[in-house]
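Colleague: Residue-level listing of the chains:
There are 2 protein chains.
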Amino acid sequence: MVKKVYNVAIVGATGAVGQRIMDILQDKNFPIGELKLLSSERSAGKKIMFNDQEITVEVASENSFSGVDIAFFSAGGEISTTLAPIAVKQGAIVIDNTSAYRMDESVPLIVPEVNSDDLKEHQGMIANPNCSTIQMAVALQPIKESFGVNRIVVSTYQAVSGAGLAAEKELENQTKQYINDEEMSAEILPVGSDKKHFPIAYNALPQIDVFEDNGYTAEEMKMINETKKIFNDETMSIAATCVRLPIVTSHSESIYIEIDQKGVSVAQIREVLEDAEGVVLQDDPNTQTYPTPLAATNKEPIFVGRIRKDLDNERGFHMWVVGDNLLKGAALNTVQIAQSLIENKLV
Amino acid sequence: MVKKVYNVAIVGATGAVGQRIMDILQDKNFPIGELKLLSSERSAGKKIMFNDQEITVEVASENSFSGVDIAFFSAGGEISTTLAPIAVKQGAIVIDNTSAYRMDESVPLIVPEVNSDDLKEHQGMIANPNCSTIQMAVALQPIKESFGVNRIVVSTYQAVSGAGLAAEKELENQTKQYINDEEMSAEILPVGSDKKHFPIAYNALPQIDVFEDNGYTAEEMKMINETKKIFNDETMSIAATCVRLPIVTSHSESIYIEIDQKGVSVAQIREVLEDAEGVVLQDDPNTQTYPTPLAATNKEPIFVGRIRKDLDNERGFHMWVVGDNLLKGAALNTVQIAQSLIENKLV
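Quick note, the sequences are listed as chains A and B, same order. Going by the numbering used here, the first residue of the first sequence is number 1, and it counts up by one from there. Going by the numbering used here, the first residue of the second sequence is number 1, and it counts up by one from there.
Here chain A stands alone, though its shape is the one from the complex:
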């Protein structure tokens, strides 16, 4: 039997997420025929090793997608808006890492552990959710399936790498300035394109992405709207407060949920999480076992701990959920969507 292979393109191949997509494709022996690495003019011409092959990065253009089976887009919303529909028209399935198409009704928004069935409806374009949304969905899926979840209140503890390599560099520079008793210079966080910038080192910024008219940030509204779409449940109550912190990688989330079923114990919640796909339970107060962002970095699963019953609402539970925002929060979930397409013969 000859194993089927697929021609793959990565748009944004030289970026942080693009690089990680390449690493994961290689690690997981993804069945690749030809691999095209695409970028802006600035990075074109670079040579990158994939397996034992040297590949030259080409400029992404309207003519890049003929013969491509799967195109991973991770070069910002504008590039996706311009080129992704062209790639689809040329016969590629696009898996888009930007927010450009996530809330488009004709585009499935996929966390494979939760809603891979929605892939069956795809029309060529598939969206990868926001990093903070993905890890919450993976952790809550087994609980929702077993006991129902009708309410979520989440406060996030997000890493700077979610804002790109320049934000990581900014934290590094500010830390050195702080240690040397110099004034910290801020040009990127909380949002590069916004009017004001504040230091992130030794600080907490309660703004991720720009503010919307209702006083919530775009990041908070992504968590709210994308979670409802992924769970295909418009009736869930969801509230989010998103905060950037001086952490390099891995997002943490303090999550309060209310479930449908009465009389459920912490032990039962732990049990369904222990058996769940993509989740690792780290929850034992007696041995101080709980997830932390440093320990979760470069790991594939989503880690869950600090599970407690609310002291007043018997359907209420609190938990602490941590995941690598660049892996499961971005590159890994993207590749898993492609794997799921292949497994279900949808490509």
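Where chains are identical, the list cannot tell them apart; a pair therefore holds if satisfied intra-copy or between any two copies.
Once the Cα atoms are required to be at most 20 angstroms apart in a straight line, the calculated EDC-like pairs of lysine to aspartate or glutamate come out as:
hint, residue 1, residue 2
1, K169, D181
2, K299, E183
3, K229, D312
4, K28, D52
5, K228, D118
6, K195, E212
7, K169, E182
8, K47, D23
9, K345, E121
10, K28, E54
It is worth saying that the hints were derived from the structure and are not from the lab.
Using the hints, position chain B against chain A.
Modeller: The following block gives chain B in isolation, referenced to the frame of chain A:
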């Protein structure tokens, strides 16, 4: 008219909070007759300037409190348990900064903006609440008074200085180790006396204080129980998740509340906060105005921003509350209790 003066003792005078109490007494021209600085044997003999007077630190003992009107205790629970009752017996009013007496029914637990009336019942001992409790109580008091608050879900973002000078030093050392690509050594956080220690630099630790049998940490239970006592309201539902972060000073809190009254707007919440004692409103998404721990450090008030109505529960509101944990969270509140005693002729 001769201004009345009071003989004051500070137990734990050489510690971080003791030092700040001295600074505040001096800044506020507290009416001091004689000032006694007390400490363990290790620090006794040190000479400290207060106003223009050099004071020699003495060993705190059973014989330290004769003639003392007000004794500030800030040297750990054990010292308070041993010496505070003796100080009271010798006629001093004790204002205790430890958790030793906070939940004692005969001891008022005071945030002056909220419940200074409870001082009238004092029997010589008064307790200063936990830092994360104080700032939440100050922010919620005006809202509770105007609209009723029956439910709180809080996730904290707490600074290392809350764990003492050694924890601050640990963050500094780990940061340098991280920058130099060395392994980080952890000996103090999350809890010096607990079994395991984890790095705090570039990390988030969902444990402050030890775990209790119900899976909550002692810090979380302090926030829950102390808040009920300060508001004199056992019926409030309160849940807390407490997290330590690589921030030097000032705690932040993501707070969700449900109020009694229907139809209240964000504008109305802002209005009562604007007029409130001890609160500064910093809340304008259009100009990216919101509190941050770096900006709140060395400031006296509690800062409130990011006020939003919940999208599903019309009695639900979210907000972001920041305060200097060493000032209003500790030393300042302690001195304000003493000022309130004097104003109300209770000393």
